[in-house]
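J.: Here are the chains, one letter per residue:
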Amino acid sequence: MSPGRAWRALTWYVKGVLGENDYERYVAHLRRAHPGAPVPDVGEYWRTRYAEQDAHPGVRCC
Amino acid sequence: MRSPELVEKVRTDPGLPPVAIVDRRPMTPGKKILFAVIGLVAGVAWALVAILRGEDVNAAYFVLAAVGTYVIAYRFYARLIEYKVVRPDDSRATPAEQHENGRDFAPTDRRVLFGHHFAAIAGAGPLVGPVLAAQMGYLPGTLWIIIGGVLAGCVQDYLVLWLSTRRRGRSLGQMIRDEVGTVGGVAGLIGVFVIMIILIAVLALVVVNALAESPWGVFSVGCTIPIALFMGVYLRFWRPGRVAEVSLIGVVLLILAIVAGGWVASTGWGVALFTLDKVTLAWLITGYGFLASVLPVWLLLAPRDYLSTFMKVGTIVLLAVGVLIAQPVVQAPAVSSFALEGNGPAFAGALFPFLFITIACGALSGFHALISSGTSPKLVEKESQLRLIGYGGMLTESFVAIMALVTAVSIDQHLYFAMNAPAGLTGGEAASAAEYVNGLGLSGAPATAADIQGAADSVDEESIVSRTGGAPTLAFGMAQILGSFLGGSGMIAFWYHFAIMFEALFILTTVDAGTRVARFMLSDTLGNVGGPLRRFRDPSWRVGAWVCSVVVCGLWGAILLMGVTDPLGGINTLFPLFGIANQLLAAMALALVTTVLIKKGLLRWAWIPGVPLLWDLAVTLTASWQKIFSDVPAIGYWAQHTAFRQARDAGETSFGTATTPEAMDAVIRNTFVQGTLSIVFALLVVVVVLAAVVVWVKAIRAGGLPTTEEPAVPSALFAPSGLVATDAEREVAAEWADYLDENPEAARTGTHA
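Going line by line, the protein sequences match chains S and A. Numbering follows the numbering used here, with no gaps: position 51 of the first sequence is 49. Numbering follows the numbering used here, with no gaps: position 149 of the second sequence is 130.
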């Protein structure tokens, strides 16, 4: 594996685990499933995401 | 592709490429040889660890025995469970695909989800439990972490994940209610709540014990709060969504905070400001829990979680690499006298059942059932990936536990007991501690007061005597291992505080998330009572949020305070309660899984969750029985309670380790609470299991019963099953790539690399 590819794989992975790719994924989902729906900007998306987390907290393990 | 006639490609739509592969090809000869070699290496390593018990067992053998066993278990036992029980059907859409909304339901790459799931299940438990269990020697702990992991913990995680995936990601409590009935469901729900409270309290106690009288630790852990706030604001207002970037900045700031802590702790004002006693710290942590519960998630909780994930994975990898490079020599005996006589100072009780109770999360963790039902099932792409996520994720956690055990058993035995015996035994001073540990009949040269003080000086701490709770011991061991090849002796103090910081970070993440979840459970329950309480159902009602947060923090804060002021040593009395609670939750989860198997007519395979369930019940109910009925005061809460009560009634002003009448009253009060909790836990689990048994009998008589599994919906996406795609999977993936080139509107982005 070339260093460039390895770096891209690493950043893809870290971003994936932390959730940095989620916005992109959401937009893709909207375009495919609800083509006419308005697409929120990234700040708006994360505000909704955190508001949802506020209302539905998840457990972390011991 | 090799023997394509044995590979069946399943289509759900003639216009689409295949969505699933049924691969009936036997293992290649090369693979057979590979697995035989792995099995052989693991066998030899086991023989060296367990049977030969050489004078200097090398830590590398533990790693080989563990990894070899995991590989074989994953390839063969998990595969058996897959074939006979789970029977994944990849032509069926998972909840992530069926209910995709791009937020909580979203098909996620299996490797990413593995990391995600592991970060959610791994915490301080598998690190702290094995460290305490090391008082019984290295062998019992090693055996249980590996065997228990493979046969119990991984099975539970895998099967609960499967149940929840087939039920739209429903939670454990809901599934118990659906499958076992209302009585079992209510007992399960109360059980989860009470268990959560005790869990938070004991974990917070571990942090308090690690930070007390340590200005360096208090400063650097305290810094994590402003760092998290900064990250939250950064993500909200400056660069929304740049999670990886902000986490990296956070980690750099964290390292700076550790370095700065060393400097602060060397100044007069730093020592004066940040040297806090246990009671003050307990109040501060309870207050922090309250704040984290009422502040918006984006400000504190979410950024802390990013930091914690980053540090978790990074530090665990660092520890694994450290053990492999440094290969410390084991100092503990294979089996210590405490294992047989049950009079150990770190925790009381004999090997059966208390070793299993103490190790808890490293081998079997009921808490994982809460994670495996909920988040992960809503993200998985294919049912055949559940083995990797559920079984594989827990194997990784078991490996973390082995690393923690290796770290603890490679510490000098005298130092280990000086750190882990409560202050009532060691006297709290280096000289008295040396005298105490020399009286234990440990192997190796006797310790002097200078040795013990020297160990404290090496990590820039005032004292290491009676730093119970496991976290300081692990940090000390890690510092020695990492210091031996990274930075030398000058860096040992840094590594010690690095380890303390990362443990505290984990635990505080669990404390704040747990407080929030418990708060929601409480407000839901209150809301369901009806009448004027119905308002509690509205999560945006601030008063309700505040009231519930105060109640939840009050409950665990009270147990925490009880622990820090306990004259008997808080960890010694409370940690078993934590372990019992966790293992009882596992019993509920395993009872649920067994119920569903019997209902589905899989009675023949019900032993797969049934045997771990029976074992777990035997362990936890024996432990509860002893905690409630034992007449040995060191073990039985009520025996202790009665002994102190009689002493007080007889007019004595000091008794045992309690030197004042107030301390005696504290013991009487604490043992009452602990004894009552033991009874409540045991009763709740007995109710759930009995309710399950009633369902089993009905189901066996009826030859199976309907379950609440959701009907199958055809899938329209493809993804490989294992960590590495097979040749057949790559072929189908290529068909999809071609198809998506021609039909770009059907593409899903962000989920695949």
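Honestly, I wouldn't trust all of these hints.
Calculated pairs, DSBU-like style, for lysine-lysine (alpha carbon to alpha carbon, straight line, at most 35 Å) [unchecked claim]:
| # | chain 1 | residue 1 | chain 2 | residue 2 |
| --- | --- | --- | --- | --- |
| 1 | A | 13 | A | 679 |
| 2 | A | -10 | S | 13 |
| 3 | A | -10 | A | 679 |
| 4 | A | 581 | S | 13 |
| 5 | A | 65 | A | 12 |
| 6 | A | 65 | A | 13 |
Because the hints were derived from the structure by calculation, they are not lab data.
J.: Does each hint fit the structure? Answer for all of them.
T.: Now the hints, each set against the structure:
Proximity of residue 13 (chain A) to residue 679 (chain A) is assessed by CA-CA distance (about 44 Å); at most 35 Å being required, the pair is judged violated. Among the hinted pairs, residue -10 (chain A) with residue 13 (chain S) is consistent with the structure: their alpha-carbon atoms are about 32 Å apart, no more than 35 Å. Pair hint residue -10 (chain A) plus residue 679 (chain A) does not hold up; C-alpha atoms about 39 Å apart against a cutoff of 35 Å. Distance check on the hinted pair: residue 581 (chain A) and residue 13 (chain S) sit about 40 Å apart at the alpha-carbon level, beyond 35 Å; violated.
Distance restraint check for residue 65 (chain A) and residue 12 (chain A): the Cα-Cα separation of roughly 23 Å lies within the 35 Å cut-off, and the hinted pair is therefore satisfied. The straight-line distance between the Cα atoms of residue 65 (chain A) and residue 13 (chain A) is roughly 22 Å, inside the 35 Å bound, and the hint therefore holds.
Comparing the model with each earlier hint shows violations of hints 1, 3, 4; every other hint is respected.
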